[in-house]
Amino acid sequence: MKATTIFSTFAVCAMISMLACQSPTSDGTYTDSTGAIKQEPDNTRTAPESNIVDSVKSAQGTVDDNTHRFMKNAAEAGKAEVEFAKLAKDRATNPRVKNFAEMMIRDHTVANDDLMAIARDKSVTLPSTLGDHQDDLEDLSKKNGAEFDKAYMKAMVNGHEEVVSDFEKAAQNDIDPAVKTFAAQKLPILRMHLDSAKAINKALK
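Note that the sequence shown covers residues -20 to -1, 1 to 185 in mature numbering (1 follows the signal peptide of the UniProt record, and there is no 0).
Hints are computed from structural coordinates only; laboratory data are not their basis.
Hints may be right or wrong, so weigh each one.
[Said to hold, decoys possible] Calculated cross-link-like contacts (lysine-lysine; reagent style DSS-like; alpha-carbon spacing at most 30 Å):
hint, residue 1, residue 2
1, Lys130, Lys78
2, Lys69, Lys134
3, Lys69, Lys130
4, Lys178, Lys52
5, Lys69, Lys178
6, Lys134, Lys149
7, Lys178, Lys66
8, Lys160, Lys122
9, Lys182, Lys102
Please take these sequences and the hints and turn them into a complete structure.
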């Protein structure tokens, strides 16, 4: 009986000693029975990357990568056209520039709404910001008078050249049919905008 008690006491002490040796530290490590420091497994390290992937997939909805990229760029450019035009409507001094700005607000608001309707149907989340166009808008807002008119129309020429190119590619490429149709339908209007912007820009020089 005494031997059994001694053995049991020894076993309990040994177990306590092992637990003490393997106790975790504040930095997520622990020491084993040999005194070596080991790292606790971290099952959350891959979570941020997984969350990013899920977020991208969620924003993309049911469309392919190329379609989503075009929709994203078109949404940012469309929002930028409206914001630029609102600024021009208030600040431009040339009547032709003001009229052009009013046309931009009208036509691009319709285009933005049409794109948003497609995005809802495809479960695509469009950007709510202007993206890279925000810096250009801030630079333009620092100008006044004739300088503003020239800067705005130059921006409209450059911007519409890029947008027309993007819409031409979208209308020809193998992307979502609804988005492809949208691009093809808006091209004539965008080309007209570009021609008008070039004519006004030339007249201001």
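Hint-by-hint comparison with the structure:
no. : hint            : in the structure
1   : Lys130 x Lys78  : holds (12 Å)
2   : Lys69 x Lys134  : holds (16 Å)
3   : Lys69 x Lys130  : holds (14 Å)
4   : Lys178 x Lys52  : holds (26 Å)
5   : Lys69 x Lys178  : holds (18 Å)
6   : Lys134 x Lys149 : holds (23 Å)
7   : Lys178 x Lys66  : holds (20 Å)
8   : Lys160 x Lys122 : violated (37 Å)
9   : Lys182 x Lys102 : violated (41 Å)
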